[in-house]
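Asks: Given these sequences and hints, build the entire structure.
Number of protein chains: 2
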Amino acid sequence: MFGLIQQARARLAPVLPPTPLIRSDFLSRRLGRDVFLKLESLQPTGSFKVRPAFNGMLANLEQARSAGVVTSSSGNFAQAVAYAATESGVDAQIVMMRGASKFKRDRTRGFGGTVVDCEDTFASRWETTFRIQEESGRLLLHPYDSPETIAGDGTLGLELLEQLEGDFDAYVPISGGGLISGVATAVKQVRPGCRVIGVQAKANPSMHDSIKGETAVTTRPEPSLADALAVATPGERTLEIVRRLVDDIELVSEKRITEAVKLLANEQKLVAEGGGAVGVAALARGGRPAVCVLSGGNILPEKLRSVLAAAALA
Amino acid sequence: MFGLIQQARARLAPVLPPTPLIRSDFLSRRLGRDVFLKLESLQPTGSFKVRPAFNGMLANLEQARSAGVVTSSSGNFAQAVAYAATESGVDAQIVMMRGASKFKRDRTRGFGGTVVDCEDTFASRWETTFRIQEESGRLLLHPYDSPETIAGDGTLGLELLEQLEGDFDAYVPISGGGLISGVATAVKQVRPGCRVIGVQAKANPSMHDSIKGETAVTTRPEPSLADALAVATPGERTLEIVRRLVDDIELVSEKRITEAVKLLANEQKLVAEGGGAVGVAALARGGRPAVCVLSGGNILPEKLRSVLAAAALA
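Chains as they are written, first to last, in this note's numbering: chain P, 74 to 387; chain L, 74 to 387.
These are computed hints drawn from the structure, not numbers from a lab. Be aware that a few hints might be false.
Copies of the same chain are indistinguishable here, so a pair counts whether it falls within one copy or spans any two.
Within a straight-line C-alpha distance of at most 30 Å, the following computed DSBU-like cross-link-like pairs (lysine-lysine) qualify [stated by the list, open to error]:
#1 Lys328 with Lys175
#2 Lys376 with Lys328
#3 Lys376 with Lys261
#4 Lys376 with Lys175
#5 Lys275 with Lys328
Replies: Laid out in structure tokens, this is it:
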């Protein structure tokens, strides 16, 4: 996998410059340790997902150009695939649940993707996606559980290693597990003294619960400010990597996530979505330098307004 | 002045790492030109003002440590001086108008400054400041019209030249004129083909109006979302530099400023204050690469909420 990440890095270099890693003076002061933020919210579509979207497409560009691509996502991966496809001269069909927000639909269409509706279940979304793939021969871009996706995600880990010296604790949001699998592979290979800590919302603990037993656990996603992290079952491939390389998985409450989004806006002047802020929500006081991956900033404007109005954490 | 800027750069290097310059995919697409954003909102106090605050203090550190410092500001410079003083082991008195918001007072105190109240006029603020300076022998840090302040501001220009190749148009907010004086001095010295464009709110056109005639014009600041840019009269020193080096000064409406703050939050995931967003508000379509200095992000949380709720510009 590490070799695939290095290949992905070379592929992405012409299309995606590294995102900034900044030291947060405010968080460092508050927590008594150096806290760094990796600003994936500044990616073209507002999340890290452009990395795997581009990598999957560029790794199979001939097929993508001749047959198009298809993916299954109601959120950040949808927008990222639409964007990467448009930039690469590729036709993209994105299977989204009917219940997905107008905001996400509009953004996906705005980046040039064609939205295909399905029923409001993960099962229906996958069924529709696989049917389109089989009937049309389109290239399937998986949101988390393919080698190209994990390798694209892993480029973020390589950037961290270049941007920060010495050992650090990396706090990485987990949905299907692609991002943390890629980051952990890169970071542990190059600097094994680093720790990689996954973070999920208490409302959606699928990976957290799955690593306890022998097989993947299917949970029922509950409403959460970290809506981008909702997934019923972790990937098979990502689960194996997480078991092997991730040091710990922490769960954070809705209250902590809300407070983190609010602090990031008011004190750090960064708009983060709930799923992008879980790393900050999980940060403990003291210890060695911490890196929080702000994985995305695509929060609904009305949600951001209500978070800004929320009372401070007692 | 260019030599002073280079000295300032060396002085600030250990305390303030360069802020990121990012390419905004969204704005570049929308305006049909490469648009870059210089993220001063990510500075420790949320604005570029830490540059001149540190430079003024470190240039005269012995006096600052023995007698303390004093400044006159109701906003970003107040917070920056408080921060730089605390970091440098210096006592700071900050003269603020009684009417300054609780948010700004609390932030100034939070960074370790002592707030001294004065009446709600610029005249009273300066009178109080000068009196303290004379009675106590404190080092006066001027928010815009001293060589050390302009030189500290100019370090931002040197960073731009390192971060971006080729000629560009720089859009720089103007209040007293310190920032644009420093940036124009650095940029025009090294790359004279660059253009430097100042931006003010229509509500506060003091520099815009002053460069037309022979002498500085005093205007009555009107309420504006770009409250950090409100100043009655530009500096003498800055007015001279602006006349000589700045290519143009544009005025932007409240509606445009509101729209810019909203777009930056929703599309670019950055919290900018009104005064920090005027460059984006002034951007015209097409042309060569543009750099907008996002000078600060210290918008009142309730103002940000109302901006997010504002209707789109027709």
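Asks: Please flag the earlier hints that this structure goes against, numbers listed from lowest up.
Replies: Hint 3 contradicted; others consistent.
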